[in-house]
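Using the hints, position chain Y with the ligands against chain D.
Chains as they are written, first to last, in the numbering used here: chain D, 1 to 301; chain Y, 1 to 283.
If you're looking for bench data, these hints aren't it; they were derived computationally from the structure. Hints should not be assumed to be uniformly reliable.
Unchecked claim - In silico DMTMM-like links for lysine to aspartate or glutamate, alpha-carbon gap of 20 Å or less:
hint : chain 1 : residue 1 : chain 2 : residue 2
1    : D       : LYS296    : Y       : GLU254
2    : D       : LYS273    : Y       : ASP270
3    : D       : LYS253    : Y       : GLU180
4    : Y       : LYS234    : Y       : GLU256
These are the residues of each chain, in order.
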Amino acid sequence: MFYIPFTCEKFFWVLKYNKSIKRGSLLKIIEVKNLTYAYAKGKEVLKNLNIEIEKGEFVAIIGHNGSGKSTFAKLLNALFVPKEGEVLVGGLNTKDKNSVHEIRKKVGVVFQNPDNQLVASIVEDDVAFGPENIGAKREEIEERINFALDAVNMQEFRKRTPTKLSGGQKQRVAIAGVLAIKPEVLVLDESTAMLDPRGRREVIEIVKDLNKKGMTVILITHYMEEVVNADRVIVLSEGEKILEGTPKQIFAKKEELTRVGLSLPPATILADKLREKGVNIGEVLTPQELKEELCKLFVKI
Amino acid sequence: MQIVCKNLTFAYGKRGVTAVKNLSLTIDEGEFFGIIGETGSGKSTFIQHLNGLVKPTTCDELTVGEFNLLDKKCDYKKLRSKIGMVFQYPEYQLFAETVFEDVAFGLKNFASLTKEETEKMVKEAIEVVGLDYEKIKNKSPFDLSGGQKRRVAIAGVLVTKPEVLILDEPASGLDPEGKEQLLSLLHSLHKSFVKTIIMVSHDMNTVVEHCTKVALFNKGEIYCSGRPSEVFFKLEGLEEIGLEQPLTGYLKKELELKGVNIESDLTVDDFVYNLVKKLKQGS
Ligand SMILES: Nc1ncnc2c1ncn2[C@@H]1O[C@H](COP(=O)(O)OP(=O)(O)OP(=O)(O)O)[C@@H](O)[C@H]1O
Ligand SMILES: Nc1ncnc2c1ncn2[C@@H]1O[C@H](COP(=O)(O)OP(=O)(O)OP(=O)(O)O)[C@@H](O)[C@H]1O
Ligand SMILES: [Mg+2]
Ligand SMILES: [Mg+2]
Numbered sequence: 001m002f003y004i005p006f007t008c009e010k011f012f013w014v015l016k017y018n019k020s021i022k023r024g025s026l027l028k029i030i031e032v033k034n035l036t037y038a039y040a041k042g043k044e045v046l047k048n049l050n051i052e053i054e055k056g057e058f059v060a061i062i063g064h065n066g067s068g069k070s071t072f073a074k075l076l077n078a079l080f081v082p083k084e085g086e087v088l089v090g091g092l093n094t095k096d097k098n099s100v101h102e103i104r105k106k107v108g109v110v111f112q113n114p115d116n117q118l119v120a121s122i123v124e125d126d127v128a129f130g131p132e133n134i135g136a137k138r139e140e141i142e143e144r145i146n147f148a149l150d151a152v153n154m155q156e157f158r159k160r161t162p163t164k165l166s167g168g169q170k171q172r173v174a175i176a177g178v179l180a181i182k183p184e185v186l187v188l189d190e191s192t193a194m195l196d197p198r199g200r201r202e203v204i205e206i207v208k209d210l211n212k213k214g215m216t217v218i219l220i221t222h223y224m225e226e227v228v229n230a231d232r233v234i235v236l237s238e239g240e241k242i243l244e245g246t247p248k249q250i251f252a253k254k255e256e257l258t259r260v261g262l263s264l265p266p267a268t269i270l271a272d273k274l275r276e277k278g279v280n281i282g283e284v285l286t287p288q289e290l291k292e293e294l295c296k297l298f299v300k301i
Numbered sequence: 001m002q003i004v005c006k007n008l009t010f011a012y013g014k015r016g017v018t019a020v021k022n023l024s025l026t027i028d029e030g031e032f033f034g035i036i037g038e039t040g041s042g043k044s045t046f047i048q049h050l051n052g053l054v055k056p057t058t059c060d061e062l063t064v065g066e067f068n069l070l071d072k073k074c075d076y077k078k079l080r081s082k083i084g085m086v087f088q089y090p091e092y093q094l095f096a097e098t099v100f101e102d103v104a105f106g107l108k109n110f111a112s113l114t115k116e117e118t119e120k121m122v123k124e125a126i127e128v129v130g131l132d133y134e135k136i137k138n139k140s141p142f143d144l145s146g147g148q149k150r151r152v153a154i155a156g157v158l159v160t161k162p163e164v165l166i167l168d169e170p171a172s173g174l175d176p177e178g179k180e181q182l183l184s185l186l187h188s189l190h191k192s193f194v195k196t197i198i199m200v201s202h203d204m205n206t207v208v209e210h211c212t213k214v215a216l217f218n219k220g221e222i223y224c225s226g227r228p229s230e231v232f233f234k235l236e237g238l239e240e241i242g243l244e245q246p247l248t249g250y251l252k253k254e255l256e257l258k259g260v261n262i263e264s265d266l267t268v269d270d271f272v273y274n275l276v277k278k279l280k281q282g283s
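Bound-form chain D, shown alone (with noise of 0.2 Å):
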């Protein structure tokens, strides 16, 4: 069962546009201009990337192995700076030395391998890093934790120690470590990666939540049910965009996704494989539209 206490309500009060009022505003949390990056000389990884993020978005970007992904997700928090073109924060830019902190209160990234970001040697301390980090006051701190363990479900780990826990266990500490920063945007890159079903789910359910409390959410993921719940996808081949739409738009185009590495949700697969075999089955993206479809066959025999 997911719990999210209360008091989790108060910590996001201070995100102003919730999602409702957010539609055709124009407040964009992220402008990406122009952006080219490479870690050797003339061999880019990305290529002139010009994406906009409006505050309250829930954003997937998905493509295949060595797309740039994760580099993207280092660019939006100044761990990397662009080579060329820039990467606006709230309108901070990442190129200035003295916008680095603030930017990273405001944007919290999940690590790909969990065991990069564990830095304490007890839990409750590794979670408490973020938030000591960016200046949060003692009994705030605690509070932080604690929403932070309950959302991930891990309170009676609190006094272990990080690198003595199983793979899932690591992935949920470290979502933990950055929920506990409450930034203005959450980037997971593949944070779902080694959890067990309820795990993922539970990740999602909550991802989903902070989102329409009007946290800005962007999931990367080789999961393509997972890109089912966001506003909007991005996809990336090669260091460049080459896909931009609704999942469902995305979703509509099977070829383009699998001539760049990439695939369909397995409940719409299942159903293209019906409509070979003649049925006639409508357009789905999840389990239970799949679920309602096929009752609804049954019904008219």
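Just chain Y with the ligands now, kept in the frame of chain D:
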């Protein structure tokens, strides 16, 4: 090589967590054996016993083919040349300066190989996991993307052509195409030098689609085991132990509630075939 484990218990440290409790399991040669179970249920701890990386706290029997792992004189070097293990996080496995050296490392035990033979085998292993050999061989494994690291880690294990292949969440981090390629690679290896595959996975769809048998771990014990369709379909309350039905199992259950019974082993093609058959019968 048959794997037999009787009453294995393992605790991390004297007062630490008992990660595996009195666990008994037999895995026959030729299986594509799936291990599922919620976070922290002991899957990784258990499989690390199979190549002697972790030693049981107590155990009545632990044998892998002719190797008795409870015997102090067990030849681990020889055992490890026959068992390949891909760890949950590829970073645990990568250490060399270049991708080439990393993948070639496992071949060091085969002293008789010439430089050319080594190179050929490394190239083959790197290409079989979908990487460009020339482009990647001189890169540092640490300067790769997550999915590329995963592929190199798998190549480093395949290069020695192990008889038993143990993989802990091997598809995690791979893009959809990479995941498909890996699974079909595993099937083709299974038909050649690999006799037995053991795969830990949180992806229920993958498990029903590919495994011949599956064991469900819960809090360090085996909750149940059998053919995937049996384990998934017969079991109530999968959600309470952290798991879920695969897509086909979910649909089968939902349709059953509506009075429609689809016979299926829960692989996608079989499910589609039987569903279409049912529709035709009905009309
Ligand atoms: N530290 C580094 N040094 C040099 N090259 C790097 C480094 N990190 C990544 N790269 C290269 O940059 C490209 C983009 O990598 P990135 O990690 O951003 O991909 P990704 O989309 O996150 O992939 P994945 O799905 O595998 O995680 C890849 O070709 C990768 O090899
Ligand atoms: N090095 C360690 N020291 C102490 N306890 C550990 C250590 N590694 C794992 N544990 C504990 O042992 C139990 C089993 O862990 P294990 O890694 O085997 O789980 P798992 O089934 O592989 O989980 P996951 O799906 O999250 O990878 C967990 O409760 C975990 O916290
Ligand atoms: Mg990545
Ligand atoms: Mg594990």
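Hint-by-hint comparison with the structure:
no.: 1; hint: D:LYS296 <-> Y:GLU254; verdict: 12 Å, holds
no.: 2; hint: D:LYS273 <-> Y:ASP270; verdict: 11 Å, holds
no.: 3; hint: D:LYS253 <-> Y:GLU180; verdict: 19 Å, holds
no.: 4; hint: Y:LYS234 <-> Y:GLU256; verdict: 13 Å, holds
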